[in-house]
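Chains as they are written, first to last, in our numbering: chain A, 1 to 301; chain B, 1001 to 1421.
To be clear, the hints were calculated from the coordinates, so they are not data collected in a lab.
By construction, the Cβ of each residue, glycine as well, lies at the ideal position given by its N, Cα and C atoms.
No false leads were slipped in.
Pulled a few chain A residues facing chain B out of the computed Cβ check, cut under 10 Å: (1) His8; (2) Leu12; (3) Phe18; (4) Ala50; (5) Gln163; (6) Ser187.
Where chain B lies over chain A, by a calculated footprint (3+ residues, C-beta under 8 Å): (7) 22-28; (8) 51-65; (9) 164-172; (10) 190-196.
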Amino acid sequence: MSNYSLRHLQELEAESIFVIREVFAQFENPAILFSGGKDSIVLTHLAKKAFWPAKIPFPLVHIDTGHNFPETIDFRDKLVENLGARLVVGLVQDSIDQGKVAEETGLNASRNALQTTTLLDTIEANKFDAAMGGARRDEEKARAKERFFSHRDDFGQWDPKNQRPELWNIFNGKKNMGEHFRVFPISNWTEMDVWQYILAENIPLPSLYFAHEREVIERNGTLLAVSDYLNMRGDEVKMTKTVRYRTCGDMPITGAVESNASTLEDIIVEIAATRMTERGTRADDKRSETAMEDRKKQGYF
Amino acid sequence: MTQSGYLDMELLRFTTAGSVDDGKSTLIGRLLYDSKSIFEDQLEAVKGSSQKKGLAHIDLSLLTDGLKDEREQGITIDVAYRYFATPRRKFIIADTPGHIQYTRNMVTGASTANLALILIDARKGVIEQTYRHSYIASLLQIPHIIVCVNKMDLVDYDQERFNEIVKTYEAFASKLDVQDIRFIPISALEGDNVVNRSTKTSWYEGSTLLHTLENIHIGSDYNHLDARFPIQTVIRPHRQEYHDFRGYAGRIDGGVFRPGEEIIVLPSGFKSKIKEIMVGEEKVSEAFPPMSVTMTLDDDIDVSRGDMLAKPNNQPDSTQDLELMMCWLNNRGLNPSSKYILRHTSNEMRTMVKEVIYKLNINSLSKDESDKNIGMNDIFRAKLRTTKAVLKDAYRKNRNTGSLILVDEATNETVAAGMIV
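All chains should be modelled from the sequences, with the hints used to inform the complete structure.
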């Protein structure tokens, strides 16, 4: 009798596949928000498993800040081709050109916050009624209370006090015209679960995640890649280091960690020993204690 | 992923309920901290906040503080999910506030839990809130309860005080429907018997809290007897090489299914045999809860979302009249003349609440048959009439096929949770 038990990764996988299939069954026009990061890659892999041998029945939506790592874009294009999926790209540059958002200036300028407008416009233009993302509840305090099915009003906003209770595995995707849902199938996964699963399933990742040599500068204890998008102070010194990335955000705000981990096994050992959260490498979360919560309310991922 | 998996870890979901005062947040902070699940940047942030509040020690409760409103008011207003792992198990904590006005959150947190952690302040003993939490754990059929008698440091680790509380609790618990209840004397603040054994409770011979969480047997918490497979969606590839492929996708809600076995499709009553069971591309030799699988059948029969596969000699009840225990979750109270959408497994239909039989006083557990006005946080027994048959089991027998929610047609909000009697 007790043989009928699943290992934790199998149980998490089963839960996520269930949620993805619910999205397909309950919505008219769902999409996957694909950032090119490991979490959205795992989400896409789970969607593939959920509908095999049929193709993934959702387009992949990429909100392109224009400040991506080139490795991310290469990876995205290859994946889309392999899956035979449809790719929808929303360009932050378009939102800037249309005067809907203004480019930030200064040393720590980033397009991260501008994505929200582009995302909401892309959702509206394509009439997506559910957008699945790879966010996890362990990432940040404001996400600990996020639902699997997260209701957004017709302005795309998240009201933390007006979320539907979720009981058992019964999900309620009912909505009024103009409203949509964000759905987070890997809510219950931790960073470690994601890596273990990538290893167990042998899921390909962009090369950024593995140790490589790169020209960086050090700012506030964070290693930032030298690129056209990074504003530099006169006294900041370029240096070449062996680094890898734990998350895959925009080039000017995503910090690298010094590492020699060149295989998935190495990475898992490294993460097990690590004493910093992965969002600790993200300058966007350090702006204030409620930075994530404030962005979420406005319709961020 | 192969059936053996990569790491030999199980997943345990537990719920905690408690107020700010009984040290719940401190206990969770302690579990995360002592199991080394706290990262340096999180700890730095908490150290900073503790200093700002003028505290000499690190306030571990700050680790689990969520949204801005809560930080300002110093209360927890919603279900928050926390994660930690030891080499044996991965844990998901549904952390819920304990005040009576948050009954709905406790019910929500309890709905997916294998275990409930109930906290008692050793100085105060068993209070109303303890009864409330325990009753909800029993109502939601959480198989295991661990009662932590906390703040033992403030009663000088007194064995008699501990025994007294255990005795009071046991007397009450005999009225509940919980098989497995354990008691542990702890101090979350000092760390006694949470992760490390305390030297101050030599009279206590049981395990520490973490050791108990790691070892409690959860393998038989699911129903492995009554095979139930609600269909979520039908997979039709429209590709040359899989031209005739028709896969029935869903999650196993009970029992065990194997290729070659005879099944019955409900409600149509057609019978067929299972051809293959797959997880992604991988063929598996058996499927059991909570696996998400795709099944193919020997015969080409009509099966769609909302249908259920079972075994011909073991079928769920099919009925339009339900009697159930319910919890109301919404600000807008129950309107007896309204129609609601009922969601049960992958099925959906309309329903009316025909009768409120009684409302439960959750503190005294007395039944009130005179007051039938149902509002937010009320727990009550009711009869429903649905527009088509529900394929159900009693909640006591199967938490998946025995549970349902009601959705308000006007607002689309989830307004009630129901457990079929």
